[in-house]
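All chains, full assembly: derive it from the sequences and hints.
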Amino acid sequence: MIGQADDFLSGENVMQTFGNPMLYHYLALGAALFALGLVGFMVRRNMIMIFLSTEIMFQGIAINLIAFSRYWQNSDGQSFVIFVLTVAAAEASLALGLVVMLFRRRQTLNVDAWSDMQG
Amino acid sequence: MDYALIVATALGAIALYLLLPRGRSNLVKLGALTGVLALGLAITWVIHLSTTVHAGQGAVVANIFFYAFAVLALASATGVVCHPRPLYAALYFVLMTLAVSGLFIMLMAEFIAVVLIIIYAGAILVTYVFVIMLASQGGEAATAQYDTHSADGFMAILVSFVLLGTVLQVMFYTGPNGFMHPLAAGQAAVHGMGSLELLGANLYSRYALPLELAGILLTISLVGAVMIARKNEPTAHILGTGDLPAE
Chain A
1 MIGQADDFLS GENVMQTFGN PMLYHYLALG AALFALGLVG FMVRRNMIMI
51 FLSTEIMFQG IAINLIAFSR YWQNSDGQSF VIFVLTVAAA EASLALGLVV
101 MLFRRRQTLN VDAWSDMQG
Chain B
1 MDYALIVATA LGAIALYLLL PRGRSNLVKL GALTGVLALG LAITWVIHLS
51 TTVHAGQGAV VANIFFYAFA VLALASATGV VCHPRPLYAA LYFVLMTLAV
101 SGLFIMLMAE FIAVVLIIIY AGAILVTYVF VIMLASQGGE AATAQYDTHS
151 ADGFMAILVS FVLLGTVLQV MFYTGPNGFM HPLAAGQAAV HGMGSLELLG
201 ANLYSRYALP LELAGILLTI SLVGAVMIAR KNEPTAHILG TGDLPAE
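Which chain is which? The protein sequence lines are A and B, in order. Numbering-wise, this note's numbering puts 99 at position 99 of the first sequence, and it's gapless, one number per residue. Numbering-wise, this note's numbering puts 175 at position 175 of the second sequence, and it's gapless, one number per residue.
Rather than coming from a laboratory, the hints here were simulated on the basis of the structure. Hints should not be assumed to be uniformly reliable.
Each pair of labels, with its calculated beta carbon distance range [to be verified]: (1) B:LEU158 x A:LEU98: 48 to 56 Å; (2) A:GLN118 x B:GLU197: 34 to 42 Å; (3) B:LEU37 x A:ASP116: 38 to 46 Å; (4) A:GLN118 x B:LEU158: 19 to 27 Å.
For each residue, glycine too, the CB sits at the ideal point set by N, CA and C.
Written as structure tokens, this is what we have:
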């Protein structure tokens with residue numbers, strides 16, 4: 001009885017009940033998230049929102065890596081996602097520190113306030 | 001049916017263009033309707049592909065959970081990009097993180113799913129929310145003009161969605177050796193897949209040096225963030241004996 005309950009709750013049973021999504025489902029979703037984040041990166045004018053859009057792109061890439069990890073049945077993709085998360089955390093702390101510093105200089109978060117930085 | 005994906009991508013681009021914050025809200029409903037149309041068309045096409053073209057490759061009736069999480073992720077990502085108030089955008093980002101971690105659980109990456117929630121929703125987003133509240137101007141003008149009016153995103157959306165359409169075309173039309181394989185081809189081999197034990201063994205044997213470098217990177221960024229965000233002002237005005245430094 002307990003064994004049956006374990007079988008019923010296992011992932012494979014759920015997969016068989018509802019059918020299997022294939023690799024391209026996840027790759028297409030990752031590409032769509034990446035495109036949305038790219039649009040946000042180029043369109044938004046708030047510096048915080050620009051960095052938040054890069055996080056969307058990170059998650060699109062992470063979906064790709066995890067899907068390939070599942071596809072090849074090994075942990076390499078998941079290890080890469082650990083590193084992606086590390087870089088995302090480092091980027092968020094540094095970028096937000098920079099944003100706070102820039103906000104103190106000009107009292108605005110508008111990136112156009114810094115368009116005199118050229119060269 | 002071959003053009004359905006292109007049409008869906010184009011509809012998504014139009015929807016995103018209509019949904020961008022411009023200070024007037026009469027286009028939002030039209031944009032949302034277009035977005036729903038685009039998502040519905042894309043999902044219908046993918047289900048059609050899964051159930052007819054690849055019907056011979058085992059059970060490929062589309063997974064309800066996948067579509068629920070995918071629609072949630074895409075809708076909340078659109079909310080992040082398009083919401084005029086940064087705090088609400090950050091909350092939409094939390095929603096997107098939850099949807100993505102649901103997808104990770106379906107991909108047998110349970111540890112990564114939990115880590116994603118802890119790091120993104122717990123740590124990174126708290127940092128974002130703190131900076132948003134620190135840097136907001138307050139008062140009645142809660143939403144600044146640079147939030148309610150985005151840049152004109154025509155070229156940005158064109159570039160991004162042409163890229164997306166190209167990727168999708170290549171992905172779906174590369175023939176039998178493309179990305180059309182079932183995800184769970186060898187389910188017998190997934191013993192311990194996604195477990196912390198397997199991932200830890202992989203991280204500490206094959207990727208031991210990159211893991212150490214990641215730790216060094218985190219330390220460097222910690223020190224760097226403290227140094228960057230430090231108040232670089234004379235302490236006189238804090239003590240009440242001087243004026244604010246002119247900037």
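Okay, the hints, checked on the actual structure:
1. B:LEU158 x A:LEU98: 48 to 56 Å: violated, 29 Å
2. A:GLN118 x B:GLU197: 34 to 42 Å: violated, 53 Å
3. B:LEU37 x A:ASP116: 38 to 46 Å: For B:LEU37 and A:ASP116 the Cβ distance comes to about 43 Å; the hint holds.
4. A:GLN118 x B:LEU158: 19 to 27 Å: Between A:GLN118 and B:LEU158, where Cβ atoms are some 25 Å apart, the hint holds.
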